[in-house]
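Q: Protein chains in written order, with numbering that gives the first Met the number 0: chain A, 0 to 90; chain B, 0 to 115; chain C, 0 to 157.
Watch out, some of these pointers could steer you wrong.
Said to hold, decoys possible - Cβ-to-Cβ under 7 Å is the rule here; a few derived chain C residues that face chain A:
| # | residue |
| --- | --- |
| 1 | 31 |
| 2 | 37 |
| 3 | 96 |
| 4 | 100 |
| 5 | 112 |
| 6 | 121 |
| 7 | 122 |
| 8 | 125 |
| 9 | 139 |
| 10 | 143 |
| 11 | 150 |
Stated by the list, open to error - Okay, derived cross-link-like pairs now, PhoX-like style, lysine-lysine, Cα gap no bigger than 25 Å in a straight line:
| # | chain 1 | residue 1 | chain 2 | residue 2 |
| --- | --- | --- | --- | --- |
| 12 | B | 111 | B | 29 |
| 13 | B | 109 | B | 24 |
| 14 | B | 111 | A | 2 |
| 15 | B | 109 | A | 2 |
| 16 | B | 111 | B | 24 |
| 17 | B | 29 | B | 109 |
| 18 | A | 2 | B | 24 |
| 19 | B | 29 | A | 2 |
| 20 | C | 62 | A | 84 |
No lab work stands behind these hints: they were computed from the structure. Glycine is no exception: its CB is placed at the ideal position from the N, C-alpha and C atoms.
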Amino acid sequence: MRKALLLVIFLFVSAFLLLGVADMRSFGEPQIADMDDYYVAHAQGEVAVNNVVTAVVFDYRGFDTLGEATVLFAAVVGILALFRKPRKEER
Amino acid sequence: MNIGNLPFVVAALLVLFGLYTFLFKRNLIKLVIGITLIETGVNLFLVTLGYRTNGISPIYTFAPEAQKMVLPTPQALTLTSIVIGLATTALLLSFAVFIHRHYGTLDVRKVKELKG
Amino acid sequence: MKNEGMTVIVRTVTRFVYGMIILFGFYVIMHGHLTPGGGFQGGAVVASAFALLLVAFGSSGLKGHVNLHWLQSIEEVGALSFLALAFLGIGTAFFYNLLANSGGFLFGASVPAGPNAGVFAAGGLVPLMNWAVGLKVMTGISAVVIIMLIGSSKEETE
Numbered sequence: 000m001r002k003a004l005l006l007v008i009f010l011f012v013s014a015f016l017l018l019g020v021a022d023m024r025s026f027g028e029p030q031i032a033d034m035d036d037y038y039v040a041h042a043q044g045e046v047a048v049n050n051v052v053t054a055v056v057f058d059y060r061g062f063d064t065l066g067e068a069t070v071l072f073a074a075v076v077g078i079l080a081l082f083r084k085p086r087k088e089e090r
Numbered sequence: 000m001n002i003g004n005l006p007f008v009v010a011a012l013l014v015l016f017g018l019y020t021f022l023f024k025r026n027l028i029k030l031v032i033g034i035t036l037i038e039t040g041v042n043l044f045l046v047t048l049g050y051r052t053n054g055i056s057p058i059y060t061f062a063p064e065a066q067k068m069v070l071p072t073p074q075a076l077t078l079t080s081i082v083i084g085l086a087t088t089a090l091l092l093s094f095a096v097f098i099h100r101h102y103g104t105l106d107v108r109k110v111k112e113l114k115g
Numbered sequence: 000m001k002n003e004g005m006t007v008i009v010r011t012v013t014r015f016v017y018g019m020i021i022l023f024g025f026y027v028i029m030h031g032h033l034t035p036g037g038g039f040q041g042g043a044v045v046a047s048a049f050a051l052l053l054v055a056f057g058s059s060g061l062k063g064h065v066n067l068h069w070l071q072s073i074e075e076v077g078a079l080s081f082l083a084l085a086f087l088g089i090g091t092a093f094f095y096n097l098l099a100n101s102g103g104f105l106f107g108a109s110v111p112a113g114p115n116a117g118v119f120a121a122g123g124l125v126p127l128m129n130w131a132v133g134l135k136v137m138t139g140i141s142a143v144v145i146i147m148l149i150g151s152s153k154e155e156t157e
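Excised from the complex, chain A in its bound form (with noise of 0.2 Å):
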């Protein structure tokens, strides 16, 4: 019973998903891209970098970078608070 509800649900995400992607437009024709056109213009004047993608992710985009940074320091934290030894009191 319960695998075939499941079984439902699967068919459904996945006809959900394919008839959406077939759809799309055309692979390798973006038709809004302002935004990236002004900083692949504008990186080495304002940032004076090569790397427009380093020039993205941390001037341009800085505040994403701090979060995915705070991300990583609390999994890091969770993880050596997991795995620690209780100690024994020895009076």
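Model the placement of chains B and C on the given structure of chain A, informed by the hints.
A: Here is chains B and C on its own, set in the frame of chain A:
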């Protein structure tokens, strides 16, 4: 349906494989593999959104003259997504180690009861 | 469960090779503003060198050499310095690139437009942020790998 849309279909197929593994398997490690497959499919979809036909990579060092470049913003978003997937997988595997130590088994149906 | 490492051939080759992998990782971090790469990619390369050491020698072979408190302290220094670099230009905006095109001593040169051969001393705050994130990722992933190996092997006897 365009035959040139095949990269998008492949990314959707990866998400569907991950969803099948996540729904129908019982071992905890196989569930973690299913979650990793879903994240891989989403990252591949993000990168293939920003491709221009006959474009070069968006770096100006030793670049050939006067060619258009692919979009740099989806590559930056995929970088963030990969690192967050790494953090999630590390925490999930630590929980799997703890569950195996406490219950003695990794079967998802047997770890539902609370055990003192 | 014994953690003794692998055969003699693997250990000898690892002793030759792990220094080169660490050096290559530092190269990828340092030249992040000129060639493909940056902080996250270079940090992952250095962490994989540490994982190679751990697999080849076992956790019993590395016991006296790795101090876990050093790894945690360097990771905290990396995270805090990334935040401090973001607060440097707070007079205009948060994350404002203060040192770019300033002509000063620390990464202040300008870059000619179009394809060129790459100017190293340019970029403002971007190379410093690359170093902060690279330190954070490499020590964080090394600490996670060694904690998960030690914490899941000896506990069967307790």
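Q: For the pair supplied as a hint, residue 62(C) and residue 84(A), confirm whether the alpha-carbon distance does not exceed 25 Å.
A: Holds, because 17 Å separates the two Cα atoms, which is no more than 25 Å.
Q: Go through the hint on residue 122(C) and say holds or violated, using the shortest Cβ distance to chain A against 7 Å.
A: Hint on residue 122(C): holds, closest Cβ of chain A at ~5 Å, below 7 Å.
Q: Are residue 29(B) and residue 2(A) close enough, with their CA atoms no more than 25 Å apart?
A: Answer holds: residue 29(B) to residue 2(A) is near 18 Å, not above 25 Å.
Q: What's the verdict on residue 109(B) and residue 24(B), does the C-alpha distance respect the 25 Å limit or exceed it?
A: Satisfied, since the Cα-Cα distance of roughly 14 Å is no more than 25 Å.
Q: At a threshold of 7 Å, is the proposed contact between residue 37(C) and chain A supported by beta-carbon distances?
A: 5 Å, holds
Q: Take the shortest C-beta to C-beta distance between residue 121(C) and chain A; is it under 7 Å?
A: The hint holds - residue 121(C) has a Cβ within 7 Å of chain A, the shortest such distance being about 5 Å.
Q: With a cut-off of 7 Å, does the beta carbon of residue 96(C) approach a beta carbon of chain A closely enough for the hint to hold?
A: With a minimum Cβ separation of about 5 Å from chain A (threshold 7 Å), the hint on residue 96(C) holds.
Q: Is the shortest C-beta separation between residue 112(C) and chain A less than 7 Å?
A: 5 Å, holds
Q: Against chain A, run the beta carbon of residue 139(C) and see if the smallest gap drops under 7 Å.
A: 4 Å, holds
Q: Double-check residue 125(C) for me: the hint is only fine if its C-beta lies closer than 7 Å to a C-beta in chain A.
A: Since the shortest Cβ distance to chain A is 5 Å, the answer is holds.
Q: Against the 25 Å threshold, does the CA-CA distance of residue 111(B) and residue 2(A) hold or violate the hint?
A: 18 Å, holds
Q: Between residue 111(B) and residue 24(B), is the straight-line Cα distance small enough, at 25 Å or below?
A: Distance of about 16 Å is within 25 Å: holds.
The structure meets every hint from the earlier list without exception.
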